[in-house]
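Start from the sequences and build out the full structure, keeping to the hints where you can.
Numbered per our numbering, the sequence shown finishes at 656, counting up by one with no gaps.
Hints listed in this document are in silico derivations from the structure and should not be mistaken for laboratory results.
One or more hints might be untrue.
Here are the simulated lysine to aspartate or glutamate pairs, EDC-like style, with alpha carbons at most 16 angstroms apart [unchecked claim]:
1. K149 with D132
2. K139 with D91
3. K565 with E237
4. K547 with D579
Every value quoted in this text rests on a predicted model; they were computed, and no experiment measured them.
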Amino acid sequence: STNAYPIVFRNKENILFTSNITPDALDGEFPSGQFPQVYEVNTTGNRPTLFSSLTMEDISIDPTGTKMLYHDKKGYEDPWRKRHQSSITRDVWLCELGETKTYKKLTTFKGENRTPRWTADGKAFYYLSEQDGSFNVYKRGLDDTKTTKLTNFKDNPVRFLSVSNDETLSFAYNGEIYTMKEQGEPKKVPIQIVTDRQENELKYINFTTGINEMDVSPNGKEIAFIVRGDVFVTSVEYGSTRRITNTPEQERDVSFSPDGRSVVYAAERGGLWNVYQTSLDKKEEDSFLYASSFKEEQLTTSDSTSFQPLYSPDGKEIAFLHNRTEIRVLNLKDRKIRTVLDGKFNYSYSDGDQWYRWSPDSKWILAKYISIGGWNNTDVALVKADGSGELTNLTESGYTDDGPRFVQDGKAMIWFSDRAGYRSHGSWGAHRDAYIMFFDSEAYDKFRMSKEELALLKEKEKKEKADEEKKKDSKKSKKDKEAKKKDVEPLKFDLENRRDRIIRLTPNSSAVADAMLNKEGDKLYYLTRFEKDYDLWVYDLQEKSSKILAKATGAGTLHTDSVGKNILLLAGGQLKKIDMEKGSTTPIKMQAQFEYKPKEERAYIFNHAWQQVKDKFYVTDLHGIDWDGYKETYERYLPHINNNFDFAEMLSEMLG
Numbered sequence: 001s002t003n004a005y006p007i008v009f010r011n012k013e014n015i016l017f018t019s020n021i022t023p024d025a026l027d028g029e030f031p032s033g034q035f036p037q038v039y040e041v042n043t044t045g046n047r048p049t050l051f052s053s054l055t056m057e058d059i060s061i062d063p064t065g066t067k068m069l070y071h072d073k074k075g076y077e078d079p080w081r082k083r084h085q086s087s088i089t090r091d092v093w094l095c096e097l098g099e100t101k102t103y104k105k106l107t108t109f110k111g112e113n114r115t116p117r118w119t120a121d122g123k124a125f126y127y128l129s130e131q132d133g134s135f136n137v138y139k140r141g142l143d144d145t146k147t148t149k150l151t152n153f154k155d156n157p158v159r160f161l162s163v164s165n166d167e168t169l170s171f172a173y174n175g176e177i178y179t180m181k182e183q184g185e186p187k188k189v190p191i192q193i194v195t196d197r198q199e200n201e202l203k204y205i206n207f208t209t210g211i212n213e214m215d216v217s218p219n220g221k222e223i224a225f226i227v228r229g230d231v232f233v234t235s236v237e238y239g240s241t242r243r244i245t246n247t248p249e250q251e252r253d254v255s256f257s258p259d260g261r262s263v264v265y266a267a268e269r270g271g272l273w274n275v276y277q278t279s280l281d282k283k284e285e286d287s288f289l290y291a292s293s294f295k296e297e298q299l300t301t302s303d304s305t306s307f308q309p310l311y312s313p314d315g316k317e318i319a320f321l322h323n324r325t326e327i328r329v330l331n332l333k334d335r336k337i338r339t340v341l342d343g344k345f346n347y348s349y350s351d352g353d354q355w356y357r358w359s360p361d362s363k364w365i366l367a368k369y370i371s372i373g374g375w376n377n378t379d380v381a382l383v384k385a386d387g388s389g390e391l392t393n394l395t396e397s398g399y400t401d402d403g404p405r406f407v408q409d410g411k412a413m414i415w416f417s418d419r420a421g422y423r424s425h426g427s428w429g430a431h432r433d434a435y436i437m438f439f440d441s442e443a444y445d446k447f448r449m450s451k452e453e454l455a456l457l458k459e460k461e462k463k464e465k466a467d468e469e470k471k472k473d474s475k476k477s478k479k480d481k482e483a484k485k486k487d488v489e490p491l492k493f494d495l496e497n498r499r500d501r502i503i504r505l506t507p508n509s510s511a512v513a514d515a516m517l518n519k520e521g522d523k524l525y526y527l528t529r530f531e532k533d534y535d536l537w538v539y540d541l542q543e544k545s546s547k548i549l550a551k552a553t554g555a556g557t558l559h560t561d562s563v564g565k566n567i568l569l570l571a572g573g574q575l576k577k578i579d580m581e582k583g584s585t586t587p588i589k590m591q592a593q594f595e596y597k598p599k600e601e602r603a604y605i606f607n608h609a610w611q612q613v614k615d616k617f618y619v620t621d622l623h624g625i626d627w628d629g630y631k632e633t634y635e636r637y638l639p640h641i642n643n644n645f646d647f648a649e650m651l652s653e654m655l656g
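Below, the structure written as structure tokens:
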């Protein structure tokens, strides 16, 4: 079955309605749900018959029942869009009914012409048009092209025109209903609606799914995640869940600090994205789940967007995106901010489309950036995090290279590229592979060793380590040894011959969603699909063999626990734990209690949508539109809206 929408009574016995059922075999229009047919059915409920395979909207039948007016639909375009002129805009047509229908286009203006309505004598019609700027009411005869403008509204469109039998016109303008006679002035209809409150100001909702991002704590026991714009923390083993933020605004980009005592995230408050941090209050507490209290602080106060924060491995600094494309670093001690990668090296099409990761020594950043391939074929850059501007293009392929992250203790990186397999030469999509590039020749040689060679090397290293331990001063305290163990040596990169140290990790190109190496570096785990759903695959780099580890996992992001024995997967809004050897899957249960405040949330979404246009429209003056004024115009409706259907329509009207 399919939806059916009534349009008009054709006569006292028959109704015309639109539906996508079966178009005429001779119809040359593209078969799409965007172009429904018109059907006729008797009020007694007999079998519907095809009235017209053409898409007709706002049909109006003349007094004699022999003619009809309608406006067409040539293609997809937001029906609330205003003031555009193109080949897709609507026109008013006349259809003369009979055994053979005849059609005549009545309007010639290249913009929008809509909602035709007959006059009482059937010799002319009223309609809405943007031919003088904003939608107004016009009148035109059937036999001439002269139009008469009946209303002179500006700034906002006239909508929903209807005409009574005595030719009283009624329509909506700026949220009010008006009536008028052809020779008169529009009069606002005073309307007062007295009603009880129809919507609760607060609703409690328990979410067991709907997660859209996550991060694992350093000890692997907790997961921070986002559900419906709030930050939560849950236990991996027990499902206990704690809410960290409780705001009608949106939080996102959550990540744990290296010591697990803080989480950092971005929040859009007061119309602007900034970086926030919530930390445990008491030194003796080490878990968000069972903490008696925690405190939030705002870390950035820029007048431009700041989001996508990421702690450095030493926990001393946070990298974040400034103004959507510029990578900056905040020092948590002195609160000084420096630019690491200039915004000119990136282009943001949608929020969250940038990527960067810290090096283990907290001195470098791997980032996606624009180089020789242009904005839609990015490269991977190695950027010095001290703000010196030192940058090296590591990939230089001309294809899309992204998603880099350090592996092998910083001696290599893995990333994704579509340089092999199905390539995006025609911008119709591509298949990807996971690659590894080594910055150290010794690590490269070790990675390429056979199973036998690796076993001999491990035996040799074990013996050398034992001999070294014997030579150590036995008087050294355990504390000294632990301190030395924690020291991270600064990385040194041999970039001279990096192209010769690239290995394709995946055995074949495919729709790879994510990939990771295990701690030993001898197995690649990756999410991909070859049929309907995504599966988790494992590729043994020593044996050169692959197999499905877990079926139908869905596309998502891969993380590991602290010991590297389990994969923690976010896919389809749910968390799963997958044994890296057996492939057994265990759902990570969570109960996120969310406080839904519909009016406050709609107010936030309204401001978010308005701000997105102001920030991201391709010309800063918005073609001369008074965008601040339109915010005031539509914001006044918010207190009177009690459902999301009306809210969506109001937003569409503003954005149009």
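Checked hints:
1. Taking the CA atoms of K149 and D132, the gap is about 9 angstroms. The hint holds against a cut of 16 angstroms.
2. This hinted pair checks out: K139 and D91 have alpha carbons roughly 14 angstroms apart, not beyond 16 angstroms.
3. A hinted pair counts as satisfied when its Cα atoms are at most 16 angstroms apart, and K565 with E237 qualifies at roughly 14 angstroms.
4. Note on K547 and D579: the hinted pairing holds, with a Cα-Cα distance of about 14 angstroms set against a maximum of 16 angstroms.
In terms of the numbered hints stated before, the structure departs from none.
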